[in-house]
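Participant: Sequence:
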Amino acid sequence: MTDSQIVALVAGGTRGAGRGIAVELGAVGARVYVTGRTTAAQRSEYGRAETIEETAALVDEAGGVGIPVRVDHLVPAEVAALVDRIRTESGRLDVLVNDIWGGEYLTEWNTPVWKHDLDKGLRQLRLAIDTHLITAHHALPLLIERPGGLLVEMTDGTAEYNAANYRLSPFYDLAKTAVGRLGWAHAKDLAPYGATAVALTPGWMRSEIMLDMFGVAEENWRDALDREPHFAISETPRFVGRAVAALATDPDRARWNGHSLSSGGLAAEYGFTDLDGSRPDCWRYVVEVQDAGKPADVTGYR
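Position 281 (the sequence shown) corresponds to 281 in this note's numbering; numbering is contiguous.
One thing to keep in mind: the hints can contain errors.
Stated by the list, open to error - Between beta-carbon pairs, the in silico distance windows are:
1. D291 <-> T88: 47 to 55 Å
2. N165 <-> R227: 34 to 42 Å
3. A41 <-> A80: 21 to 29 Å
4. Y193 <-> L275: 13 to 21 Å
5. Y193 <-> A41: 37 to 45 Å
6. T299 <-> H137: 44 to 52 Å
7. W114 <-> Y270: 30 to 38 Å
8. G300 <-> W114: 39 to 47 Å
These are calculated hints, taken from the structure and not from any lab test.
Owing to the predicted nature of the structure, the values given are computational and were not obtained by experimental measurement.
The beta-carbon is built from N, C-alpha and C at its ideal position, and this holds for glycine as well.
Can you make the complete structure from the sequences, with help from the hints?
Facilitator: Listed below in structure tokens is the structure:
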């Protein structure tokens, strides 16, 4: 490992945005610790097949070094042990991406709190918020030992959008709004140490779970447009991964401290594209087209 190599922790890197971020950090040569609860030998409550070893292998293929570590981020001792390992093996931490989630199968959409399953709702909050705080508590002391560290709090929706729109579940709404606020709050604490914190959202992301919901694969994702025309604005997990890589390699990233950012917005700033060469600007599209009740048309939005 060279002194110039980025050392990153992608907490929640088994699939989805976490996997896309880990791979794109690998593409800029980073040493990436990939954590999650699903390994080749053990699955989490999701029951899905994606593993942290697969993500780490993709990091290697992209040009970085992928290191899979099974961690339950609700268990402080496991997170503390992870940070001790990073310190011992790598000596520092340059980038922390808090992408821990796990709530896809817990949300009951369009359901008020008195009808929503309480255990599922509270579990969702623990997975979405407690994990981020536990991880920040243990990892940020290492990150601030050297100036220039970056914390990325991954959420769904920009602060502006979430402030004006109900996210169709009180638990989901609180989870995503709270994580966005964490990006702002951590920025206040990190600034004196020369570190940067942001909240970052992908657009409508074609995660493994989302593709399964539509019964398509990445290769034929457009077949889902018959069922949901607005899915035309969707993006791969690698798009938000490129957003994180752009931030991590930007020597002037401190200008974003405390900001709520989106993959589409950062693509316009840094000039990167999704894998197909387009730049989907999902959150502008959602406001101006989808929420406005207009027919699906991505002209001018990707």
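Participant: Are the hints correct? Go through all of them and say.
Facilitator: Here is what the structure says about each hint:
1. Range check, D291 to T88: about 49 Å between beta-carbon atoms, so the 47 to 55 Å window is met.
2. About 23 Å separates the C-beta atoms of N165 and R227, a value inconsistent with the hinted range of 34 to 42 Å.
3. At about 23 Å, the beta-carbon gap between A41 and A80 stays in the expected band of 21 to 29 Å.
4. At roughly 35 Å, the beta carbons of Y193 and L275 sit outside the given window of 13 to 21 Å.
5. In this structure, Y193 and A41 meet the distance hint of 37 to 45 Å, their C-beta atoms being roughly 38 Å apart.
6. Checked against the hint of 44 to 52 Å, the C-beta distance between T299 and H137 comes to roughly 46 Å, which is consistent with it.
7. As the Cβ distance of W114 to Y270 is approximately 45 Å, the hint placing it in 30 to 38 Å is violated.
8. At about 42 Å, the beta-carbon gap between G300 and W114 stays in the expected band of 39 to 47 Å.
The structure fails hints 2, 4, 7 (numbered hints given earlier, in ascending order).
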